[in-house]
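Engineer: Residue-level listing of the chains:
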Amino acid sequence: MILSTLDYVPGHTVVGHLGIVQGSTVRAKHIGRDILASLKNIVGGELRAYTELLSEAREEAIARMRQQAEAAGANAVLNVRFATSSVAQGAAELLAYGTAVRVE
Amino acid sequence: MGGLVIELIVAAALLALGFGVGSAREARHYHSIRRREAELEWLPVMSTPLDGDGEPPPRTALVGGSVVISVDYFKRFLAAIRMLIGGRVGAYESLVDRARREALLRMRAQARDLGATSVMNVRMETASISKGGRGRVGSVEVVAYGTAVIPQSVASVRSAG
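So the sequences go chain by chain: A and B.
In my numbering, each residue's number is its place in the first sequence (first place is 1) plus 149.
In my numbering, each residue's number is its place in the second sequence (first place is 1) plus 2.
Treat the hints as calculated values from the structure; they're not laboratory data.
By construction, the Cβ of each residue, glycine as well, lies at the ideal position given by its N, Cα and C atoms.
One or more of the hints may lead you astray.
Here are some, though not all, of the chain B residues that point toward chain A, as calculated from beta-carbon distances under 10 Å [claimed, not checked]:
id, residue
1, L16
2, G20
3, A26
4, E39
5, P60
6, V70
7, S72
8, V73
9, D74
10, F76
11, L80
12, L107
13, V124
14, T128
15, V151
16, S155
Chain A regions said to be covered by chain B (calculated; three or more residues, Cβ under 8 Å) [what the hints assert, rightly or not]:
id, region
17, 158–172
18, 186–196
19, 202–213
20, 219–232
So that you can see chain B by itself, here it is in the shape it has in the complex:
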């Protein structure tokens, strides 16, 4: 009986910790994502190939960004309940949204550092290293990659410098 009470207390404490700290961390992460997205707004990202070559033709480089994000204990609990009744799992929707946007931002930051003006033919891929195993669901791994287009003027200045 005593053991059960202790287990309930531990579970409640983990839920409270997950809810408190997890929500604060998510809010902070979203804040940071929005700020960096605003900073990188001028750098367009497209999932289509480059149209037209331009004169002189630009230099290109492979760029990519990746991130692994985990959901908190409270949200995992919510999701478990949701899986009993089916429907939209909001707890995981925000998780994958954060991961995709973060991966894209890292890719764009890498492109910006190369002096690129856009990133073409962007692909996204959900990777898995930590997947598999019971009770291990709840983290998502996203890789975003594409081709950075660097105008010849920038490219030649960089190689000269």
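Bound-form chain A, shown alone:
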């Protein structure tokens, strides 16, 4: 499975267009991380627990998008974009979406 932010794959041609695929996950931070983060808020700097949470969530969203693309019979997802939205206070949705295609 080729994932790309480009709208084509170098050296390949798109032979079939299978529509938009997406994967998303909603995550909330847990209270322990929150307490640590509020201490970190005094001195500033990177909140590593949140960074990890964010990248885990993004991986998960990508994995789900990939599954959907596989189910549609695609072998590449082009023009991949990420978006986030706040669902509730302290919880966020991470969304990955793109165009599923068959390339040769």
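Given chain A, work out where chain B should sit, using these hints.
Structural biologist: Structure of chain B alone, referenced to chain A:
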């Protein structure tokens, strides 16, 4: 009366701690950012798509980097004052600058580890998991992602090895 004095002392201590430790941490972070940017200078990052295919066509891979950075207590205080009179909030400008550059650096490091020669069609996105809630402003979450372009020669050597 005594309670008020204690509260003032605590606030002053937090401000001093935020100013002292926060400034030192920011200076160290900027130092590290500049050093890594110099190291990765040869790896160009572009927000446009690849132009021309090249022969043989390169392999591509999705790469990304993310970071969550918080502002310190002193800067949050400065920003609160600034928000009364309006204008440039310098305290937050350096925060978002650090976050963007750090996210880009992490993305470039990932591309470098894959043997890429450039990263195309880079997009940046301000994410939010910790946003929302009163008094919780002051941390910024940035995701940078793009397509790493890996020359066929590198790609075949890697898959053979």
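Engineer: Does each hint hold? Answer for all of them.
Structural biologist: Taking the hints in turn, this is what the structure says about them:
1. Proximity of L16 (chain B) to chain A holds as hinted, the smallest CB-CB distance being about 6 Å (cut-off 10 Å).
2. A hinted interface residue such as G20 (chain B) counts as satisfied when its beta carbon comes closer than 10 Å to some beta carbon of chain A; here the least separation is about 6 Å, so the hint holds.
3. With a least beta-carbon distance of about 9 Å to chain A, the hint placing A26 (chain B) at the interface is held under the 10 Å criterion.
4. The interface hint given for E39 (chain B) is broken, as the beta carbon of that residue sits about 17 Å from the closest beta carbon of chain A, more than 10 Å.
5. The criterion of a C-beta within 10 Å of any C-beta in chain A is met by P60 (chain B), whose closest approach is roughly 5 Å, and the hint holds.
6. The beta carbon of V70 (chain B) is positioned within 10 Å of a beta carbon in chain A (closest approach about 4 Å), and the interface hint is therefore held.
7. The criterion of a C-beta within 10 Å of any C-beta in chain A is met by S72 (chain B), whose closest approach is roughly 5 Å, and the hint holds.
8. For V73 (chain B), the suggested interface contact is upheld, since its CB lies about 5 Å from the closest CB of chain A, less than 10 Å.
9. Against a cut-off of 10 Å between C-beta atoms, the interface hint on D74 (chain B) holds, since the closest Cβ of chain A lies about 3 Å away.
10. Residue-level restraint check for F76 (chain B) holds (minimum Cβ-Cβ distance to chain A is 8 Å; threshold 10 Å).
11. Interface restraint check for L80 (chain B): the shortest CB-CB distance to chain A comes to about 12 Å, outside 10 Å, so the restraint is violated.
12. Against a cut-off of 10 Å between C-beta atoms, the interface hint on L107 (chain B) is violated, since the closest Cβ of chain A lies about 12 Å away.
13. A cut of 10 Å between beta carbons decides the hint on V124 (chain B): the least distance to chain A is about 8 Å, and the hint holds.
14. Here the hint on T128 (chain B) is kept, as its CB sits about 8 Å from the closest CB of chain A, short of 10 Å.
15. Because the beta carbon of V151 (chain B) sits about 8 Å from the nearest beta carbon in chain A, less than 10 Å, this interface hint is met.
16. With 10 Å as the threshold, the beta carbon of S155 (chain B) stays out of range of chain A, its nearest partner Cβ sitting at about 14 Å, so the hint is violated.
17. With 4 residues carrying a beta carbon less than 8 Å from a beta carbon of chain B, the region 158–172 of chain A meets the three-residue requirement, and the given coverage holds.
18. Against chain B, the region 186–196 of chain A contributes 9 residues with a C-beta closer than 8 Å to a partner C-beta. That satisfies the three-residue criterion, and the hint holds.
19. Here the region 202–213 of chain A counts 6 residues with a CB under 8 Å from a CB of chain B, which clears the bar of 3, and the coverage holds.
20. Coverage of the region 219–232 of chain A by chain B holds in this model, with 4 residues showing a Cβ closer than 8 Å to a Cβ of that chain against a need of three.
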